[in-house]
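Asks: Take a look at the letters that make up each chain.
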Amino acid sequence: MFLQIIDILGTIAFAISGVLVALNKKLDPFGVFIIAFVTAVGGGTLRDVLIGQVPVFWMKNLTFMYVIAGATIFAVIFRNKLDKLRRSLFLFDTIGIGLYTVVGIEKGILADLHPIICIALGTMSACFGGVIRDILCNEIPVIFRKEIYATACIVGGIIFFMLEALTNLSTDILFLIVGLVVIAVRLAAVIFKISLPTLYKG
Amino acid sequence: MFLQIIDILGTIAFAISGVLVALNKKLDPFGVFIIAFVTAVGGGTLRDVLIGQVPVFWMKNLTFMYVIAGATIFAVIFRNKLDKLRRSLFLFDTIGIGLYTVVGIEKGILADLHPIICIALGTMSACFGGVIRDILCNEIPVIFRKEIYATACIVGGIIFFMLEALTNLSTDILFLIVGLVVIAVRLAAVIFKISLPTLYKG
Amino acid sequence: MFLQIIDILGTIAFAISGVLVALNKKLDPFGVFIIAFVTAVGGGTLRDVLIGQVPVFWMKNLTFMYVIAGATIFAVIFRNKLDKLRRSLFLFDTIGIGLYTVVGIEKGILADLHPIICIALGTMSACFGGVIRDILCNEIPVIFRKEIYATACIVGGIIFFMLEALTNLSTDILFLIVGLVVIAVRLAAVIFKISLPTLYKG
Numbered sequence: 001m002f003l004q005i006i007d008i009l010g011t012i013a014f015a016i017s018g019v020l021v022a023l024n025k026k027l028d029p030f031g032v033f034i035i036a037f038v039t040a041v042g043g044g045t046l047r048d049v050l051i052g053q054v055p056v057f058w059m060k061n062l063t064f065m066y067v068i069a070g071a072t073i074f075a076v077i078f079r080n081k082l083d084k085l086r087r088s089l090f091l092f093d094t095i096g097i098g099l100y101t102v103v104g105i106e107k108g109i110l111a112d113l114h115p116i117i118c119i120a121l122g123t124m125s126a127c128f129g130g131v132i133r134d135i136l137c138n139e140i141p142v143i144f145r146k147e148i149y150a151t152a153c154i155v156g157g158i159i160f161f162m163l164e165a166l167t168n169l170s171t172d173i174l175f176l177i178v179g180l181v182v183i184a185v186r187l188a189a190v191i192f193k194i195s196l197p198t199l200y201k202g
Numbered sequence: 001m002f003l004q005i006i007d008i009l010g011t012i013a014f015a016i017s018g019v020l021v022a023l024n025k026k027l028d029p030f031g032v033f034i035i036a037f038v039t040a041v042g043g044g045t046l047r048d049v050l051i052g053q054v055p056v057f058w059m060k061n062l063t064f065m066y067v068i069a070g071a072t073i074f075a076v077i078f079r080n081k082l083d084k085l086r087r088s089l090f091l092f093d094t095i096g097i098g099l100y101t102v103v104g105i106e107k108g109i110l111a112d113l114h115p116i117i118c119i120a121l122g123t124m125s126a127c128f129g130g131v132i133r134d135i136l137c138n139e140i141p142v143i144f145r146k147e148i149y150a151t152a153c154i155v156g157g158i159i160f161f162m163l164e165a166l167t168n169l170s171t172d173i174l175f176l177i178v179g180l181v182v183i184a185v186r187l188a189a190v191i192f193k194i195s196l197p198t199l200y201k202g
Numbered sequence: 001m002f003l004q005i006i007d008i009l010g011t012i013a014f015a016i017s018g019v020l021v022a023l024n025k026k027l028d029p030f031g032v033f034i035i036a037f038v039t040a041v042g043g044g045t046l047r048d049v050l051i052g053q054v055p056v057f058w059m060k061n062l063t064f065m066y067v068i069a070g071a072t073i074f075a076v077i078f079r080n081k082l083d084k085l086r087r088s089l090f091l092f093d094t095i096g097i098g099l100y101t102v103v104g105i106e107k108g109i110l111a112d113l114h115p116i117i118c119i120a121l122g123t124m125s126a127c128f129g130g131v132i133r134d135i136l137c138n139e140i141p142v143i144f145r146k147e148i149y150a151t152a153c154i155v156g157g158i159i160f161f162m163l164e165a166l167t168n169l170s171t172d173i174l175f176l177i178v179g180l181v182v183i184a185v186r187l188a189a190v191i192f193k194i195s196l197p198t199l200y201k202g
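Chains as they are written, first to last, in our numbering: chain A, 1 to 202; chain B, 1 to 202; chain C, 1 to 202.
Do not take every clue at face value.
You can't tell identical chains apart in this list, so a pair holds if it fits in one copy or across any two.
As the list claims (entries may be wrong) - In silico DSS-like links for lysine-lysine, alpha-carbon gap of 27 Å or less: (1) K60 / K25; (2) K25 / K201; (3) K201 / K60; (4) K107 / K60; (5) K107 / K26; (6) K25 / K81; (7) K107 / K201; (8) K81 / K26; (9) K107 / K84; (10) K81 / K60; (11) K193 / K107; (12) K81 / K107; (13) K84 / K146; (14) K26 / K201; (15) K81 / K201; (16) K146 / K193; (17) K146 / K25; (18) K146 / K26; (19) K193 / K60; (20) K201 / K84; (21) K201 / K146; (22) K26 / K193; (23) K25 / K107; (24) K60 / K26; (25) K60 / K84.
Derived from the structure by calculation, the hints contain no laboratory data.
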């Protein structure tokens, strides 16, 4: 129940971020909805397809479809006031990537995949919706350029498998810790303006 | 037999629309063929992958490959005269999306998915070939911006499930009606210059 | 063993070509790695998804992940000296597409698909990593525009099935010949500056 609420909050935050990008590109209502949808579920969809969990998750649980439709309508109507919600949205989004990372790792473990692949799946679940959004909007994906986003997911994933090897904590506790780590790394990065070291001089 | 002829006409129209975009981007012969191919089968391929119907349809029925190759060669040779065929092409294309919508809905029903997902699959089958074409050609997908295209498919899909719930019509008749509805909505939208309400002022 | 070494050399060459494009686009370290990864395994991943071989190959064999990570770090550090390696890299890349073509054809045969589809799968394995790389970097894929690349794979594939029908050569020998043909066509095209006939005048 608690997890589901977080999942829905994360989906809302992702969908709204999609709406904002789509409005910026002057898309029509259909385009706006598709971008919101893809931002929210694109990463998990890619994950499910690559590991063979089909039909993909949002086809089997309509909650996502409804939540995204609602969030899209809300965001379109109140777009001029979303600025006031920016902090809440950022928080939901951050909680969302924490949760999505955990879901991806869990699916990888269930599919009996190597820890490194599980971490990749967690990162993909959390980040690739945004990548597909940016491609559809004809931009180079923002997470390839400047935001600490994927890094938070990767750090969380590594800590999961380290703690799993070294401690006797239950998987549920581990997932909770990982989610919090992802959130903490992302928050710290934004607050202290940390980014990945640049590869370019000057 | 009748359905197969329509399917082939739709595939031809989609492939030719791909060729025209690709020529516009000055692609080489290989690029032109790939864009034609992707425009014609991309939507159905995405649908098959997401619901797990693999190998995807055009790998099991080579007709598509042959028809697209033929249409590509035809379109490249007669490209300067295609203008005269514009009306026929538009008609084929419109019939094509009607049919592709039906095929997508049918596949969704066979996979035991919820009506909303079936409608999404129908729309995807009809529209996402064009989306992938535009992404490969480095454009924001045109159906996200101005054309009533997806909307026609969605309306058709809704009418299918409404009629199914309210009447005793056979599925074949329903599919025929849906195809005609999609075609009618699209034609009406183009003739009366209807588009989705804009989200932007001035 | 021999095949595996070639496979690794090809993967390295593909990954490095990804790094160079990514650095050119000023991506951050995470972006550079993802582009390297996608360039190296994207074609095979698409192939595996379309024929239903999931989880996809690099999830079941971590060698690819390690090799690409190593190649990325190497390429980032020595990027200013890569110019001196250009010939070696071109050679690896060319050997890589020869091998990837063979792997794709083989997977198609194992999945019991028609020779034309097998040739398409071989070409996809060899070429679509670069296509996905270019899309992620917001470019029209280079192989749709000017390079003889896919054509070499297609020629190799056709020769495979011709020889298979006309001779008694073992599959291993055929694959060796095909790999060499792909390499020869590509080398010849580059050395003699052959490209596909243009569809455009003046």
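Asks: All the hints need checking, so say for each whether the structure fits it.
Replies: Evaluated hints:
1. K60 / K25: Neither. Shortest intra-copy (31 Å) and inter-copy (39 Å) distances fail the 27 Å Cα cut-off.
2. K25 / K201: For K25 and K201, only the inter-copy Cα distance (14 Å) is at most 27 Å; the intra-copy one is 32 Å.
3. K201 / K60: neither (49 Å within a copy, 38 Å between copies)
4. K107 / K60: Answer is both: 15 Å inside a copy and 15 Å across each meet the 27 Å cutoff.
5. K107 / K26: Neither, since 36 Å and 33 Å both go past 27 Å.
6. K25 / K81: Answer is within: at 19 Å inside a copy they meet the 27 Å cutoff, but 34 Å across does not.
7. K107 / K201: Answer is neither; intra-copy 40 Å and inter-copy 45 Å both fail.
8. K81 / K26: within (18 Å within a copy, 34 Å between copies)
9. K107 / K84: Neither, since 36 Å and 44 Å both go past 27 Å.
10. K81 / K60: This pair counts as neither: shortest intra-copy Cα distance 34 Å, inter-copy 48 Å.
11. K193 / K107: Cα proximity of K193 and K107: none, with 32 Å in one copy and 47 Å across.
12. K81 / K107: Neither, since 37 Å and 42 Å both go past 27 Å.
13. K84 / K146: within (24 Å within a copy, 30 Å between copies)
14. K26 / K201: between (35 Å within a copy, 11 Å between copies)
15. K81 / K201: Between copies, since 16 Å is at most 27 Å while 39 Å is not.
16. K146 / K193: For K146 and K193, the Cα distance is within 27 Å only inside one copy (11 Å; across copies 39 Å).
17. K146 / K25: both (20 Å within a copy, 12 Å between copies)
18. K146 / K26: both (24 Å within a copy, 10 Å between copies)
19. K193 / K60: neither (39 Å within a copy, 37 Å between copies)
20. K201 / K84: Between copies only: 22 Å across chains, 37 Å inside a chain, cut-off 27 Å.
21. K201 / K146: within (15 Å within a copy, 32 Å between copies)
22. K26 / K193: between (30 Å within a copy, 19 Å between copies)
23. K25 / K107: Answer is neither: 34 Å inside a copy and 33 Å across each miss the 27 Å cutoff.
24. K60 / K26: neither (31 Å within a copy, 40 Å between copies)
25. K60 / K84: neither (35 Å within a copy, 46 Å between copies)
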